[in-house]
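There are 2 protein chains.
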Amino acid sequence: MNDTSDNHGTLQISRRKLLGTVGAAGATGLVVGAAAGAGGYAAFGGSGSGDGAALATVGAARVPFRGAHQAGILQPLQACGHVLAFDLAPGAGRKEAAALMRRWSAAAERLMAGEPVGDGDGGVARDAGPCSLTVTFGFGASFFDRTGLAPRRPRQLDPLPAFSADQLDPKRSNGDLWVQIGADDALVAFHALRTLQKEAGGAAAVRWQMNGFNRSPGATAHPMTTRNLMGQVDGTGNPKPTDPGFDGHIFVAPGGEQPWMTGGSYAVVRRIRMLLDDWDKLSLKQQEGVIGRRKADGAPLTGGTETTEPDLDKLGPDGSPVIAADAHARISAPEQNGGATMLRRPFSFHDGIGPDGAPDAGLLFICWQADPLKGFVPVQRKLDRGDALSDFIRHEASGLFAVPGGPAEGEYVGQRLLEA
Amino acid sequence: MNDTSDNHGTLQISRRKLLGTVGAAGATGLVVGAAAGAGGYAAFGGSGSGDGAALATVGAARVPFRGAHQAGILQPLQACGHVLAFDLAPGAGRKEAAALMRRWSAAAERLMAGEPVGDGDGGVARDAGPCSLTVTFGFGASFFDRTGLAPRRPRQLDPLPAFSADQLDPKRSNGDLWVQIGADDALVAFHALRTLQKEAGGAAAVRWQMNGFNRSPGATAHPMTTRNLMGQVDGTGNPKPTDPGFDGHIFVAPGGEQPWMTGGSYAVVRRIRMLLDDWDKLSLKQQEGVIGRRKADGAPLTGGTETTEPDLDKLGPDGSPVIAADAHARISAPEQNGGATMLRRPFSFHDGIGPDGAPDAGLLFICWQADPLKGFVPVQRKLDRGDALSDFIRHEASGLFAVPGGPAEGEYVGQRLLEA
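Residue numbers (our numbering), protein chains in the order written: chain Z, 586 to 1005; chain L, 586 to 1005.
Honestly, the hints are just simulated from the structure, not real lab data. One or more of the hints may lead you astray.
No distinction is drawn between identical chains; accordingly, a pair holds when it is met within one copy or between any pair of copies.
[Stated by the list, open to error] Below 27 Å or equal to it, Euclidean Cα-Cα: the simulated DSS-like pairs (lysine-lysine) are:
#: 1; residue 1: K825; residue 2: K870
#: 2; residue 1: K783; residue 2: K870
#: 3; residue 1: K783; residue 2: K866
#: 4; residue 1: K783; residue 2: K825
#: 5; residue 1: K783; residue 2: K880
#: 6; residue 1: K783; residue 2: K680
#: 7; residue 1: K783; residue 2: K967
#: 8; residue 1: K783; residue 2: K756
Bound-form chain Z, shown alone (with noise of 0.2 Å):
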């Protein structure tokens, strides 16, 4: 187990190993071949075995919903995933919020065990185990007014600084609840989708709504990294659980401003349109000189491997730096924005062709961090003024939104802030 450490060290192991290895669940947070409770959907008998036995796995892979974290922060990349905003209903305020916060946890728990939730239940996800299913709540800036809890608005969530390249559209941006659902079967995700809609009631009614998707568990023997639809590998520079200063970078640590953000964590999310038809005319040399890493297997240009730092003072023979002055690599590398830590998680988007003819694809970007004015913001800054490839991307939503730490046995999510 030298490749987990704590009791999130699930963003080390990779997919493969992951799945591979049903023993690892107290170290990962994950819950493999656990029976599910009476009336559960699962139909999979303890760890299983047979044929059958990797596959179950895939379905019975269960994430707790209770811990220090919300789930869907530091587990793999699942291969579905939905994130959408909600806006409260003219009228709710703090309670009815706190009533649909309620309900929006007990759902969420019974859906991650794989559990059908209340007579309704419309039972798509039925047949299956949890397939990893994590739901994550946040909370946007607009929500704290609306409920009169402006006094618990962390200053994190202070509008982001306007980006010169940013081309949003407000009404695919913001909101006042964020849900993320990640799971390993679209059809699992989908249910989830559904019964936290309805779950919502008359208490909030859905602002947008965006689809993903990652490689899905088995169809490469590779570590979890994943490619983006430019074909590059994706996640290469994320920080690890065990690196040093790794909780305080993503997580707000006790004793903050805010004392019900405790173990939460910040949500920057960008809908980063692909112009993949003009990306697609560039040589492979030249995508690989935007990003300065290669592509075949994501080694900075300077050599080595994937997990290779770059050496962004090496020249070329024509003297130039092998990396370029605004290749993508340099411009976000820590070292060049003092150290900014984000944590990457996204999933990538395809909704067809767009109006004009282009495919309406891209990155669904989710990102991570304790503040973003000390991650995502200083990284972006220095891309919107420098970085190459944004000659081939579009930001064309924006949403910021404060998720609070996981909750206790007998906590629903958010808690701390709605009833404090």
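Keeping the supplied structure of chain Z fixed, place chain L upon it in accordance with the hints.
Just chain L now, kept in the frame of chain Z:
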């Protein structure tokens, strides 16, 4: 091997068995663990071993491009799908269409083997195996006029009759050329889609595109019947390749009016929106009454298991039929439709929330038959008039395509049409 009997027996094999059984390649038409060619993406060594073996199998599963029938008809449902239609460019005729089908076939063969397509391969599928990718090509009625091949247009491509409940969008219906893509990994499917769009070059442009999904491999230990977004078990009534007359119902026999269609099939494609908000207002009992089957296991309301024949004559204590006169299971039963037989192989779709605030979700219905007038049409005529389910669905788009037989060695798909 008692669950396979011929060279297209994969349909009968549960996905679980299929993935758990590495040795059945010859009988199933699925090549597992085959080393990819030089330059191929797949990094798996042989049939795999150790903790990643079963998982590598998901990635490494390969469907042959060549054979008596095109791929994507008899293979198990894949987790991700794209269906799209192209129209030939103005001025493009038979010559350009032949060159396009040659390019597309060459690309599809490489994609399905998990190999990069040319120097400009975007690399999105890299690191994964073929993931059971299938690419299937068809021709719409308009193709034959555009290419001067009207005498070779099969009568089976005559327009489908109008159904009273249809609300078809012509912009998302029909088209000169049809492409169906399925794979067990979203990036592999997306890569195939983009590659084929690029290979279309100036010869054809996308007319419409739809994205769909089914259950992920390993999400359930159950057989390959899936659930649709209404939560119903789907696919129970499908004919099996071992059924008497299966080939005659599904594939065009030799000696027909259009020899180039020998071994081919006709695909009816319908975008069926589900009015899920209305559906979810019904009680479980009401939903089961509409369908005539139990939701939990798909068994008919007259008893038994999923595969038990419905007893359409059985009366309840009140003297009325247990399976109602307008129940979907009754109306669609082959014995109620002169033995009409089609092979349904759908994807679910979910394109977010529509302008009406309701989920834009439902079924990408795809069915296969040797003659749509003997397969789809008689069943849909009855459903259109008397199906209780029709209050909860809306046919929004429709296409009918002639899908030629699989290419022999050295051939491209459609060569017998375009070069005869």
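The hints, checked one at a time:
no. : hint           : verdict
1   : K825 with K870 : neither (30 Å within a copy, 50 Å between copies)
2   : K783 with K870 : between (49 Å within a copy, 19 Å between copies)
3   : K783 with K866 : between (44 Å within a copy, 11 Å between copies)
4   : K783 with K825 : neither (36 Å within a copy, 38 Å between copies)
5   : K783 with K880 : between (43 Å within a copy, 20 Å between copies)
6   : K783 with K680 : within (19 Å within a copy, 54 Å between copies)
7   : K783 with K967 : neither (41 Å within a copy, 33 Å between copies)
8   : K783 with K756 : within (21 Å within a copy, 32 Å between copies)
Checked against the numbered hints above, the structure breaks hints 1, 4 and 7 and satisfies the rest.
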